[in-house]
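Engineer: What follows is each chain in one-letter form.
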Amino acid sequence: MRMKRLAAVAAVALLALGAAACGTDTETPSTPSGESPLVGKATAGSLKFGVKADQPGLGLQAGAAYEGFDIEIAKIIAKGLGGDPAKNTYVTTVSANREPFIQSGQVDIVVATYTINDDRKKKVNFAGPYFTAGQDLLVKVDSTIAGPEGLDGKKVCSVTGSTPAKRIKEKFPKVQLQEFDAYSKCVEALANGTVDAVTTDDIILAGYASQAQYVGKFKVVGKPFSSEPYGIGLKLEDKAGCTKINEILKESVTNGSYKAAWDATLGKSGTPAPTLDVSKLTNCPA
Amino acid sequence: MSANLLYDHPGPRARVRNRVLSLVFAVLLLAGLYGIYRSFDSTDQWTWQKWQPFFQTVTLPGGQEVNFWTDYAVPGLLGTLRAAATAMLFALAFGLVFSAARLSEHRWIRVPAGVVVEFFRAVPVLLMIFFLSYGGFWVFGTLIEPFWSVVIGLTFYNGSVLAEAFRSGILAVPKGQSEAAYSLGLVKSQVMRMILVPQAARTMLPVIVSQLVVVLKDTALGYIVSYPELMLEGSKSSAVFGNAVPTFMVLAMIYIVINATLTLVAHLLKRRADRRGVTNTSTKAAAANAAAAGLGGGVGVAG
Amino acid sequence: MDVFSDPANLQLYIDGFLMILKLTGASTLLALVLGLLLAACRVSPVPVLRAFGAGWVHLFRNTPLTLVILFCFFGLYSAVGVEFSDDLHINNYWLAVTGLSAYTAAFVCEAIRSGINTVPLGQAEAARALGLTFTQNLRLIILPQAMRSVVAPLGSIVIALTKNATIAGVIGVPEASNSMKTLIEARGDQTIAIFAVFALTFVALLVPVGYGFSALANRLMVRR
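Protein chains in written order, with numbering that gives the first Met the number 0: chain A, 0 to 285; chain B, 0 to 302; chain C, 0 to 223.
It should be emphasised that the hints constitute simulated quantities derived from the structure, not laboratory data.
Think of the CB as a built atom: it goes at the ideal place given N, C-alpha and C, for glycine as much as any other residue.
Among the hints, erroneous ones may be present.
What follows is a list of derived Cβ distance ranges for each label pair [claimed, not checked]:
hint, chain 1, residue 1, chain 2, residue 2, range
1, C, VAL81, B, PRO197, 50 to 56 Å
2, C, GLU82, B, LEU20, 20 to 26 Å
3, B, ARG81, A, LYS249, 42 to 48 Å
4, B, GLN176, C, GLY24, 32 to 38 Å
5, C, ASP188, B, GLY175, 42 to 48 Å
6, A, ASP83, C, SER84, 54 to 60 Å
7, C, PRO143, B, GLN55, 24 to 30 Å
8, A, PRO271, B, TRP50, 48 to 54 Å
9, B, TRP50, A, LYS249, 46 to 52 Å
10, A, GLY81, B, TRP47, 29 to 35 Å
The calculated lysine-lysine pairs, modelled on BS3-like cross-linking and capped at a C-alpha distance of 30 Å, are [unchecked claim]:
hint, chain 1, residue 1, chain 2, residue 2
11, C, LYS21, A, LYS165
12, A, LYS170, C, LYS21
13, C, LYS21, A, LYS168
Next comes chain A alone, as it looks inside the complex:
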């Protein structure tokens, strides 16, 4: 009899444990004064940014610190919201978990090569775009591949289930697609000649090409075959925060901090800073 009860108690305990492990409280941002909850968090120094950790030049975790263009943009935003950029917390996100991370409040803002599209707009709010990328190819310097048309029968690498991978499968079915869980694996495979090209957004590819150990080995083909406006993701209901971030972006162009952010990161590869077209910023639907 006691055995049975013991088992039951333990089972309940286990369940409770499981629930506790999963249950992070999801507080909904309250906007009494019409001000974004982000401002309060910025002043308190508790802003959490979702960023990529494996994309050199954009979001790369080197040691304990994060670096890259996305990180610089996050700093500009934190500063614009009235906070101290040094107090930003960065959380590694992967492509698949960006919406859930925002929705569940695990991060406040996502700056992680995050393409604005209609599907995602249903789940999160987008400020920006702060950059417009396009899917392109990274090849060895001596490669003859001049664009996606020359890829038939070639080995091309991308990330499992990613948008670039899907696009290659649909538009260029004769390509042999190698899929890995991270672009860094693809670039390694390109470096030792296992694959002929790596495909994803040009800016990400440029980041890899500018890595010290690959300098002079790779080139980005430069014929983008898609348009990927990178947005800044935040909670769907936080219209005020979205508007505020767009203002911050506009200001960053005029005060030169946008260009400085570029020059300190992706600009190192020699590419001049792009001009940010502030007229294309989203209108932040509520």
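We have chain A; now place chains B and C onto it with these hints.
Structural biologist: Just chains B and C, lined up with the frame of chain A:
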């Protein structure tokens, strides 16, 4: 039976033959190793540039100082150990509860517990981890951190394996023990707690330690869902230093040292148990059966 | 359940499990052969072979399979240039099979070795007294008896191998776990149904195998 009884103590001719064979195979082995060395060499895998990060701090062209051990390997190893230890603790609890449940005299406890155990032993851990990591948000309304998807996935699987091991361990305690206990007037839970579990536990200790090796190795699945354990951190470092092959070799060495140590501990524990005479033929068989499942468990084999 | 009414999704599911079966089939055969050879090495009178067998077992038993398979791609294929086929997908399949077999062979070897240990001393001694050599002894006397007690652990190994085949996805082999991930990412709202279908397929595949092997083991068991 020990292996060296398969052949006679070598006489003069056999000794010569064994020496010749040893030499031949040694040469073949060395040739093979040299071949591997050369093919790695031909793609510059042995260059100092690729091995330097394991011996000293490297200054990246950006001016940043990065050290393989302090920035990647040690934090990664801590992540691995944290996940393995947590999963093992939960798995032990799960195993105890479900082995007891499967030994229950009530059908309505025994049967569902059996179904749960069989289910989790048949489902690949990776499938569980994917379900929790990618689907967790949809099922539980909140994203499950990679740490917890790894821990929960490993808990259910290893807990089920341990449940079977515990069950056969308890069943293997000689019947006279529980009969004597019952005749002293102990009730079932007392018999279990005071007589059966302590005796089974000693024979099961080596099994538990061996299972820890399985858990530790399987934390590497966390790599696939971006849990910062040893594999992922190592892989990140190889992206920074551009040395995938040397990094994988070093990572393998780290895993081998840890797991070989654990296996040694399991072996010593087993020897101690054998010496103290806490084992008998049937518990030994149970332990062997459970250990055989060590690489990933078998459905319906143990028990 | 309407995820699977879409023919493309259904195909993804079927292809995923066909790949698991193909990986398991080839790897089982290779691992058995390799494991048997390794076991023979480990009990042989030649010290170098014994060391080789022991080295193999320690190397692969203590390394995560994820690492082994990644190494097959980046070490064997990329760095050493081992190439099975021009076709990327066929090549990845065989690289995964190589990793799975090398890893599983270590466990097969240990299972056979402990099976050899269950054969009573007198058998080997009698064989030696009759003048049988090491190979004759192993082939005619010991292994046939050892194999009987190896059946049950081998069952566990085949089952583990089937589940381990999911790890081949790490080098881009389109197997079941990758299919499930893709489906969940496309239809998150149906996560439970998707997981249930994939998990229960594994249960349906493996539980009969488990019971089959233990029935076989019971029939073959030498009553002593």
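Engineer: Each hint needs a verdict: does it hold in this structure or not?
Structural biologist: Results for each hint:
Between VAL81/C and PRO197/B the Cβ separation comes to about 53 Å, which falls inside the hinted range of 50 to 56 Å. A hinted range of 20 to 26 Å is violated for the C-beta pair GLU82/C and LEU20/B, which are about 33 Å apart. ARG81/B and LYS249/A have their C-beta atoms about 44 Å apart, which keeps the hinted 42 to 48 Å range intact. The hint said 32 to 38 Å for the Cβ distance between GLN176/B and GLY24/C, and at roughly 46 Å that hint is violated.
Between ASP188/C and GLY175/B the Cβ separation comes to about 57 Å, which falls outside the hinted range of 42 to 48 Å. The beta-carbon spacing between ASP83/A and SER84/C, approximately 56 Å, falls within the hinted interval of 54 to 60 Å. Separation of PRO143/C from GLN55/B is about 57 Å and departs from the stated range, judged on CB atoms against 24 to 30 Å. Checked against the given bound of 48 to 54 Å, the beta carbons of PRO271/A and TRP50/B, roughly 37 Å apart, lie outside it.
Taking the beta carbon of each, TRP50/B and LYS249/A are about 49 Å apart, inside 46 to 52 Å as hinted. The supplied range of 29 to 35 Å is broken by GLY81/A and TRP47/B, whose beta-carbon atoms lie about 49 Å from each other. Between LYS21/C and LYS165/A the alpha-carbon distance is near 25 Å, which keeps this suggested pair within the 30 Å criterion. Note on LYS170/A and LYS21/C: the hinted pairing holds, with a Cα-Cα distance of about 29 Å set against a maximum of 30 Å.
Taking the CA atoms of LYS21/C and LYS168/A, the gap is near 23 Å; set against the 30 Å cutoff, the hint holds.
Comparing the model with each numbered hint stated earlier shows that hints 2, 4, 5, 7, 8 and 10 do not hold.
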